[in-house]
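Chemist: Make one complex out of these two single chains by using the hints.
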Amino acid sequence: MSDAATVAADHGHDGIEEHFDDASQQREAAAFGMWVFLATEILFFGVLFASYTICRVLYPQGFAVASRHTDLVLGTIETVVLLTSSTLVMLGLRALQLDRRRAATALLGSTAALGFAFLVLHGFEYYREYTERLIPGLNFHQEGPQARAVELFFCLYYAITGFHSLHVLIGATLILILTVRVARGAFGPRRHTTVELTALYWHLVDIVWLFVFPLIYLIGRAG
Amino acid sequence: MTTEHADAVKPLRHYFTLLAALLILLAISVGSALLPLGPFNVTINLAVSGLMTYLVMASFMHETAARRLTWLTAVTGFIWLAILIGLALADYLSRSPVPAPWH
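As they're listed, the protein sequences go chains A and B. For what it's worth, our numbering labels the leading residue of the first sequence as 1, then goes sequentially. For what it's worth, our numbering labels the leading residue of the second sequence as 1, then goes sequentially.
Same shape as in the complex, but just chain B (with noise of 0.2 Å):
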């Protein structure tokens, strides 16, 4: 059944609409960063990255995972690479720099 789904062709239409939509978020990433938006910069790169990769996720990859186990281990390497950044950061973000005595 999931082999079926799976095999089912998509037409022509919906990968060219996928690239003009990724080509117009990648315009709208380039565009906003040549303007002065202060923090918000790297927030709408990051955010429009992020939905750029959901785009290409749920439109290119998504049918090979289809099972519960896979989408599962798909996750699971976007929630370790969350823990690895978040708790990076935590201490990073929460410690103030001690200088060496020498310096």
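Bound conformation, chain A alone (with noise of 0.2 Å):
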């Protein structure tokens, strides 16, 4: 904009198409794209928290009862595993921007190895859920007076989680791509919105999931 001097350089590199005027309009537009992308990603996990509220509303015991099955000490090092994983991508971008390639090779490497081990470790809470028959539908059975608000919280925590669980194997996928990318030296310290608007997509993976771990691992945890 005030210098005119960036801008011609920014017209001599690749990659700046050429509807954009510069790289930093071209980047506003990138991050404007994606944060309308995010905005609706709120609304698809929102109708699934506003289904989860109704029915914690209107069966409260049942819903303590049932997230007592399940696995709080693996939930929670899927927490850990995920913010870990939010501050491990900033490092990335940041060793991207200071032109170490190699460091932000190894580091979103390491971003994406780690959204695959939250993968793993959900599938071995799935795995417990299926021997201990709390699968709605393929394999359930529970007593007592709660064991219907019992079903009905499984099929929401499937439901939650399975489409959480989506969004970390597209982020995590797309992370891996990007660090092939980056050891390609497809991104420099003036290239990297693509990195930069991945790393806000799987932010918001890891914002989903920091409302679906109280919700759905930490009621009724006491007494």
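Please keep in mind that the hints were generated in silico from the structure rather than gathered at the bench. Wrong hints could be hidden among the right ones.
[Unchecked claim] Below, a sample of chain B positions facing chain A; criterion: calculated Cβ distance under 7 Å:
{"id": "1", "residue": "Ser49"}
{"id": "2", "residue": "Gly77"}
{"id": "3", "residue": "Leu87"}
{"id": "4", "residue": "Ser96"}
Every residue, glycine too, gets a C-beta built ideally from N, C-alpha and C.
Modeler: Structure representation (structure tokens):
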């Protein structure tokens, strides 16, 4: 804008599409597009959270009983894994801004690895729930007055964590692809919008989990 | 100008402090869930999650939303979410359940 020399230099670079005036305009347009998508994602998960809220209001005791069937230790580890991965992806972006390509590759690769580790941990949970007959429609058998509410809880549990895991899978795969591209030198200190916006998506997936975790794992734990 | 600001590299300490803060908040959330606090259990859990969300957004995400329009878009997502849950709850909390005739 004020810096005409920078604008001219930007035009010299590859990677600026012809319908944009300069790099900053292109970057802002891309960021705007990503945020519009993230707003729709908030509402996508919002519907699931709204369903959860209503059911929990209607069956508070049943939900507390059901929550105690989930694995608090694994859930906590999964939260740590996602928070760490969000930090790593930012460190990877920072390394890219500083033109440290090898460090950026390692950090982004670690982020993707943590994403896949999250999915493996969740797989262990699903397997244990299968053996404990907690999967409605597939293998569900619970006794007691709260059995129906427990079934409802686990329907919501699979819808919410299933869609969240799908997002983790997509995010980790995207970051893995970016890791390969970073290693090949596709991005640099002045060209990293794709990495930055994928990191944005990754943070949103992290934020969704920050609410899934207390609502699924942390109710009815006392007493 | 915005781009130059956004491209300013933060020190490593910033990232590690933030991660430490997030992990401490997680420990508070899990720890409080083990105490019998009644309705305050869920209040603390959600307040901590909200604070963690704020930290992640303020530290990791806000630079991409530096433009006013982008920022508004992000905020709009949360406003619609509040309307969705708020109106749904207004209905369910204010209505007394009417059992079906055969119940």
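Chemist: Evaluate each hint against the coordinates.
Modeler: Quick rundown of the hints versus the structure:
no., hint, verdict
1, Ser49, "holds (5 Å)"
2, Gly77, "holds (3 Å)"
3, Leu87, "violated (9 Å)"
4, Ser96, "violated (12 Å)"
Consistency with the previously given hints fails for numbers 3, 4, ordered from lowest to highest.
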